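A.B. asks: Listed below are the residues making up each chain.
Protein chains: 2
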Amino acid sequence: MRATIHDVAREADVSLSTVDRVLNGRAGVRKATVTRVNDAIARLGYQRNVEAANLAKKRLYRFVVLIPDGPNAFMQSLRDGLAALGPLLAPDRIELQALAIPAFDAAALATRLDGIAPGTVDGVAMVATEGRAVSEAVARLQAQNVPVVTLVSDLPGSARARFIGIDNVAAGRTAAGLLGRFCEKTPQKLAVIAGSMLVRDHVERRLGFEQVIRTEYPHLEILPTLEGRDDAAVVHQGLQALLAAHPDIGGIYSLGAGNRGLIRALDGARHTPRPAIVVHELTPHTREALISGLFDAAINQDPARELRAVVAVLRALVDRAPIDPIIERIGVEVFLRDNLA
Amino acid sequence: MRATIHDVAREADVSLSTVDRVLNGRAGVRKATVTRVNDAIARLGYQRNVEAANLAKKRLYRFVVLIPDGPNAFMQSLRDGLAALGPLLAPDRIELQALAIPAFDAAALATRLDGIAPGTVDGVAMVATEGRAVSEAVARLQAQNVPVVTLVSDLPGSARARFIGIDNVAAGRTAAGLLGRFCEKTPQKLAVIAGSMLVRDHVERRLGFEQVIRTEYPHLEILPTLEGRDDAAVVHQGLQALLAAHPDIGGIYSLGAGNRGLIRALDGARHTPRPAIVVHELTPHTREALISGLFDAAINQDPARELRAVVAVLRALVDRAPIDPIIERIGVEVFLRDNLA
DNA sequence: GTCGTTGTGACTAACGTACGTCAAAAAAAA
DNA sequence: TTTTTTTTGACGTACGTTAGTCACAACGAC
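Each protein sequence line maps, in turn, to chains A and B. So that you can map any letter, position 143 of the first sequence is 143 in this note's numbering, and since no number is skipped, the others follow by simple counting. Residues are numbered in this note's numbering as their position in the second sequence, beginning at 1, plus a constant of 341.
It is worth saying that the hints were derived from the structure and are not from the lab. These numbers come from a predicted model, not from an experiment. Treat each hint with caution, since some may be false.
Unchecked claim - In silico SDA-like pairs for lysine to any residue, Cα to Cα no more than 25 Å straight-line:
| # | chain 1 | residue 1 | chain 2 | residue 2 |
| --- | --- | --- | --- | --- |
| 1 | A | K57 | B | R615 |
| 2 | B | K399 | A | K189 |
| 3 | B | K526 | A | I291 |
| 4 | B | K398 | A | R59 |
| 5 | A | K58 | B | A383 |
| 6 | A | K189 | B | E352 |
| 7 | A | K185 | B | R615 |
| 8 | B | K399 | A | D92 |
| 9 | B | K399 | A | K185 |
| 10 | B | K526 | A | D248 |
| 11 | B | K399 | A | S292 |
| 12 | A | K58 | B | R601 |
| 13 | A | K57 | B | G609 |
| 14 | B | K398 | A | L16 |
| 15 | B | K399 | A | D248 |
| 16 | B | K398 | A | R132 |
| 17 | B | K398 | A | V50 |
| 18 | A | K58 | B | Q529 |
| 19 | B | K398 | A | P91 |
| 20 | B | K526 | A | P91 |
| 21 | A | K57 | B | K526 |
| 22 | A | K57 | B | E477 |
| 23 | B | K399 | A | H6 |
| 24 | B | K526 | A | S292 |
| 25 | B | K398 | A | S292 |
| 26 | A | K58 | B | I435 |
| 27 | A | K57 | B | Q529 |
| 28 | A | K58 | B | R615 |
| 29 | B | K399 | A | D319 |
| 30 | A | K185 | B | A397 |
| 31 | B | K399 | A | P322 |
| 32 | A | K57 | B | R343 |
| 33 | B | K399 | A | A316 |
Stated by the list, open to error - Incomplete in silico selection of chain B near chain A, CB under 7 Å:
| # | residue |
| --- | --- |
| 34 | V462 |
| 35 | A511 |
| 36 | A645 |
Just so it is clear, CB atoms sit at the ideal spot from N, CA and C, and this is done for glycine as well.
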């Protein structure tokens, strides 16, 4: 049988009320008494029964999740997953509110964050775009005791409590390891397509990618990064030009979205031999391109799992409970045409 | 505000007691009244507050996990993970009991299962070895309302409620896709090392592997599977003989354990060019071999995550609650030397 | 000494459910 | 109809915690 506050009260030789005052940080308890109670708690290994506490408090967890708007298929699946998750969380008294924000727009994100009324929300998660204003808005929220976590793309150097997402440097290194082995062993060029260098996940993926290519595959030359803004039309145009300018492109790493543009550009240019291609995220389009053999590998993060991790972490943060490192950890999955589910 | 049993009672125009009888399947309620109550529940969208119910019931979840004994590093990490998980689950009134069983021994497993007293355990998880006696023991437990889930290795055709683990066919296909691309394009042979064909995960991995190699890489010839019983010494000896007999082995897929034996055999035989090697599970030894460049890829499943999934699924099963498909899903991770954490 | 302040204890009503008892009502059987 | 059986209602207590009220000390300041 677990110890209860009654046991603690008896052990510390104080009343129930005093234990409650200590436990919930209420005023009116002498320092010496606080120590007595805490000692008793430690001695008994008392742990508050969160279920009973929540029942008594009628606690409600109100979380806001900010996800970029637009045609990005991954963000779309994140939004869909959020909508699907809502009903599942009702029994735990967790309410999720989705908020759409313009992609790659730090100012808009900061404005949205500042628009969150402190009393109405218990935690915030966001796919971050880097910017001073954003970091400051995060700091304000945290100061108001509203925990903020970043999702998919981090905001390093800010006050955000946690980052939920894959290790993007490792993802970039994985892409490089695969592409390095898939490419012929003769000198050739690699194209890198990113969305924007304003989002940290893209920056980190490119960093990891370059680390490995430079040190392990020096015969491969990395071309300047094409910024496609996760937009198929922009990617299409940019890549078309790149392929025309460099007939010896042997591999392509697409570390952002807009892969429809990549597919179209390759369909247009009859490049032989076909370059090896590693992309990010399993979406209907990338899946199809894997099956047809156009893409060689897709590095995937599971959005549904990330959302569950966000909820678990935010909950632990508001409860000031320890965070399970396993729940928090998001794995990098590699899909080839051969192992598509 | 969520509906409570009070609301349901009012809506159905019956007393609290009757709602309780219906909800908990107690006898003494007319069929017509049951329908009235259930209609009210549906109309209000009532969901039982599990926390309050558990509080009232002083519910305790007692789960038993059966994990193979022996030097297998992956099973060792499962056992370690289980021990570490125990304290984390105490607040949720979940008790985990680890039970070691001999590896690849269906009879011993069945005996252990039969030795579980029905009243003392609420759920069972096991790393299964296939066998008729095992399936029958599982059926008996399930019949006694003790849910059984398989972990890591499945027991298809049995009454087990769920399987928690990776898609092993997909894992084998992944290995084949990688090895096919890593190997030279000239005809050569592939060695496959398994633990035993008595465990389903190994069977399925080999199946997936052969599917892909046969159809996509017909120039690669798969040698008869070496059964190493997850034992380094057996693997060492067997592989040594195999390498001596076939100087043209260009790739090795080790889908079980005992990789220390694989490493030793390769260190002994100075095989050039070094064969491409894909193994399973990140352990200290496979990690080291990846870094040194001896292994090319390791396919990993996260044991800690699997254990958490087991607990979540067993809990949902005893509560007859819906199972979140995302929690249940275990991803296949691919590690190259480049993306080791 | 009286005053206000601070620390403490005793008590109570919730939160939503489980589960028991007992009596009353309704339905079925005699 | 009466008797028996089945069905239903009313009520109480419990689970562990929160959060409030009220009373009464002990303490120092004046």
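A.B. asks: All hints are to be evaluated individually against the structure, with a verdict given for each.
C.D. replies: Going down the list of hints, with the structure as the test:
For a cut-off of 25 Å, the pair hint linking K57/A to R615/B is broken: about 64 Å separates their Cα positions. About 65 Å separates the Cα atoms of K399/B and K189/A, which puts this hinted pair outside 25 Å; it is violated. A distance of roughly 21 Å separates the Cα atoms of K526/B and I291/A; the hinted pair therefore holds under the 25 Å criterion. Using a Cα cut-off of 25 Å, the hinted pair K398/B and R59/A holds, with the two alpha carbons roughly 21 Å apart.
In summary, the hint linking K58/A to A383/B is supported, as the alpha carbons are separated by about 23 Å, within the 25 Å threshold. Only pairs whose Cα atoms come within 25 Å are accepted, and K189/A paired with E352/B is rejected, the gap being roughly 71 Å. Straight-line distance between C-alpha atoms of K185/A and R615/B comes to about 17 Å, which keeps the hinted pair within the 25 Å bound. This hinted pair checks out: K399/B and D92/A have alpha carbons roughly 18 Å apart, not beyond 25 Å.
Restraint check: the Cα-Cα separation between K399/B and K185/A comes to about 65 Å, which exceeds 25 Å; the hinted pair is violated. Between K526/B and D248/A the CA atoms are separated by roughly 21 Å; this keeps the pair inside 25 Å, and the hint holds. For the hint pairing K399/B with S292/A, the CA-to-CA distance comes to about 56 Å; that exceeds 25 Å, so the pair is violated. Straight-line distance between C-alpha atoms of K58/A and R601/B comes to about 55 Å, which puts the hinted pair past the 25 Å bound.
This hinted pair does not check out: K57/A and G609/B have alpha carbons roughly 67 Å apart, beyond 25 Å. Distance check on the hinted pair: K398/B and L16/A sit about 23 Å apart at the alpha-carbon level, within 25 Å; holds. Annotation: proposed proximity of K399/B to D248/A is violated, straight-line Cα distance about 69 Å (limit 25 Å). Between the alpha carbons of K398/B and R132/A the distance comes to roughly 52 Å, so the proposed pair goes past 25 Å and is violated.
For the proposed pair K398/B and V50/A, the alpha carbon gap of about 16 Å is at most 25 Å, so the pair holds. Restraint check: the Cα-Cα separation between K58/A and Q529/B comes to about 67 Å, which exceeds 25 Å; the hinted pair is violated. Taken as a hint, the K398/B and P91/A pair is honoured in the structure, with Cα atoms around 18 Å apart against an allowance of 25 Å. Distance check on the hinted pair: K526/B and P91/A sit about 56 Å apart at the alpha-carbon level, beyond 25 Å; violated.
The suggested pairing of K57/A with K526/B is violated, with an alpha-carbon distance near 67 Å, which exceeds 25 Å. About 47 Å separates the Cα atoms of K57/A and E477/B, which puts this hinted pair outside 25 Å; it is violated. As the CA atoms of K399/B and H6/A are separated by approximately 16 Å, the hinted pair is consistent with the 25 Å bound. Proposed proximity of K526/B and S292/A is supported: the alpha carbons are some 21 Å apart, at most 25 Å.
Only pairs whose Cα atoms come within 25 Å are accepted, and K398/B paired with S292/A is rejected, the gap being roughly 56 Å. Of the pairs offered as hints, the one joining K58/A and I435/B holds, with about 24 Å between alpha carbons and a cut-off of 25 Å not exceeded. Taken as a hint, the K57/A and Q529/B pair is broken in the structure, with Cα atoms around 68 Å apart against an allowance of 25 Å. About 64 Å separates the Cα atoms of K58/A and R615/B, which puts this hinted pair outside 25 Å; it is violated.
A C-alpha spacing of about 22 Å is found between K399/B and D319/A, which places the hinted pair at or below 25 Å, so the restraint holds. For the suggested pair K185/A and A397/B, the alpha carbons sit about 68 Å apart, so the restraint of at most 25 Å is broken. Among the hinted pairs, K399/B with P322/A is consistent with the structure: their alpha-carbon atoms are about 24 Å apart, no more than 25 Å. This hinted pair checks out: K57/A and R343/B have alpha carbons roughly 15 Å apart, not beyond 25 Å.
Taking the CA atoms of K399/B and A316/A, the gap is near 23 Å; set against the 25 Å cutoff, the hint holds. A cut of 7 Å between beta carbons decides the hint on V462/B: the least distance to chain A is about 19 Å, and the hint is violated. With 7 Å as the threshold, the beta carbon of A511/B comes within range of chain A, its nearest partner Cβ sitting at about 4 Å, so the hint holds. With its C-beta approaching chain A no nearer than about 4 Å, A645/B sits inside the 7 Å limit, and its interface hint holds.
Hint check: violations occur at hints 1, 2, 6, 9, 11, 12, 13, 15, 16, 18, 20, 21, 22, 25, 27, 28, 30 and 34; the rest are consistent with the structure.
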